[in-house]
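Chains as they are written, first to last, in the numbering used here: chain A, 1 to 183; chain B, 184 to 356.
If you're looking for bench data, these hints aren't it; they were derived computationally from the structure. All C-beta atoms, glycine included, are put in the ideal place defined by N, C-alpha and C. Any given hint could be a false lead.
In silico DSSO-like pairs for lysine-lysine, Cα to Cα no more than 30 Å straight-line [as the list claims (entries may be wrong)]: (1) A:LYS39 - B:LYS278; (2) B:LYS206 - A:LYS165; (3) A:LYS158 - B:LYS232; (4) B:LYS323 - A:LYS39; (5) B:LYS206 - A:LYS49; (6) A:LYS49 - B:LYS214.
Examples of chain B residues toward chain A, derived with CB under 7 Å [claimed, not checked]: (7) ASP197; (8) LEU240; (9) PHE257.
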Amino acid sequence: MSDDVKEFVFKIVVLGDAAVGKTSLINQYIEHSFQEDYKPTLGANIIRKDIHVEKINANVRLIMWDLAGQEKYNVIRSMYFQGCVGALLVYDSTRRATFETVNTKWLRDFNKYVKKEGTYILIGNKIDLTEQRAVDTNEGQGFANEINASDFIETSAKYGENVEKAFENLVHNILQKLGELPS
Amino acid sequence: MVTALLQAYLDILDYDGMKSVLKEADLMNIKDSRDVDPNGTIEFISFYKIIDAQNLLLFGCYRLLYEVGKKLAFYLFPYGKDFEEIVEEITVLIKTNWSVEIVEKKENSMIVEIENCVFCGEAGVPCNLFTGFLVQSLKKALPDNRRVVYSSDKEELKESEPNSFILKLRWKK
Chain A
1 MSDDVKEFVF
11 KIVVLGDAAV
21 GKTSLINQYI
31 EHSFQEDYKP
41 TLGANIIRKD
51 IHVEKINANV
61 RLIMWDLAGQ
71 EKYNVIRSMY
81 FQGCVGALLV
91 YDSTRRATFE
101 TVNTKWLRDF
111 NKYVKKEGTY
121 ILIGNKIDLT
131 EQRAVDTNEG
141 QGFANEINAS
151 DFIETSAKYG
161 ENVEKAFENL
171 VHNILQKLGE
181 LPS
Chain B
184 MVTALLQAYL
194 DILDYDGMKS
204 VLKEADLMNI
214 KDSRDVDPNG
224 TIEFISFYKI
234 IDAQNLLLFG
244 CYRLLYEVGK
254 KLAFYLFPYG
264 KDFEEIVEEI
274 TVLIKTNWSV
284 EIVEKKENSM
294 IVEIENCVFC
304 GEAGVPCNLF
314 TGFLVQSLKK
324 ALPDNRRVVY
334 SSDKEELKES
344 EPNSFILKLR
354 WKK
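Chain A on its own, in the form it takes in the complex (with noise of 0.2 Å):
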C-alpha cells in the first residue's frame, strides 16, 4: 500500500429556513457545544475542518458555510454556492414548513448554483424535542429517496446525536462520488 497522503478540499454548504439548527449543527461539530439563545447568521459563518479519512489515507479540508436563511440574503447567497461539492439540507422536525421548503426552496438553489452534479444530505433536526415532532422518520427517508439525496438522518444539534456521522457521511459521500472510495 502506498504511504501517499492523498489531499482534498471540499467547499460544502449548511442549508435550511432560518432557526433550523444550521449555526448549532455546526457548532456541535467542531466545538461540541450548544447555545440556547437563537442568534440568526448574519451573512455566512465560514468554518475551517481539517480531517482525515483512514480508509483512503486522505487528509481532507473541510470548508462549512453555514448561509443565512433569512430572505433578504436571497440575492448574494447565488455567489455564496461557487465552488461547492455538497450540502447538508436541514429542516426543524418540530416546524412541517422548514420541511416543505427543503423541496421548493433550498435544494432548488442547490441544484440551480452548483454547476456540477453536488452531493447532498437530508437532515432532520431537533429530533430531543419529541413531544413537538411534526415530520416523522419514515416520512423524512421516504423525502430523501424522492430528492434522491446520498443519505437521510436525524439529529439532535442540542445533545451531539448524529452530528458527527451527519458531516463524515457527506465527506464520504462526496468521496464516492469522486470515485475515491467505493460505493
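Assemble chain B onto chain A, guided by the hints.
Relative to the frame of chain A, chain B by itself:
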C-alpha cells in the same frame, strides 16, 4: 488598509462572514474596527494573516473575491482618483516586494502587469480580488457610462513567479 479590507468583507460576507475570516486569522480583537483611514500605516502581519485566512476560507469563490476587490477600491479611494495614481499608490500603501505597472496604454485599452501579487493565494489562479480592485478603480476614473471588461493571463509571465499575472483592460460606452 486593513480596515478598508474588513469593510469590504462586511459588505459582501456580512458580519459573520467578516468575523469568520478574522477568527481563522486569529485576529478577532479587531472585529469591530470600522474607521477607514486610507493614509494609515499597515500592520503587515495582520494584513498577511487576513489574506491567508481569506484565501483559505474563500477557496474557489472567485466571484466573491472579485466583489470584495471592487468594494476595497471603493473604501480605499472613496472619491475616485486617476487610475495611474491608484496604481502607484497601492504599491506605496502596501510596501512589499510586489509591483503593479501599466505596461501599455491605448485609447480604449490598457495592459497592467502585476508581479508577486499580495492578494493572491493560489498559484496558477488569476487573482480575482485585485482584478476586481483594478476594474472598479478604472471604472471610477473613466467618464460615466463606460463599461470595463477584462481578461487575465498568467502564462505570459515567468513560471517562477506564481503570483504574477497580466491583466488586459478594455472599456467602451
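Numbers of unmet hints, in rising order: The structure breaks hints 1, 3, 4, 9; every other hint is satisfied.
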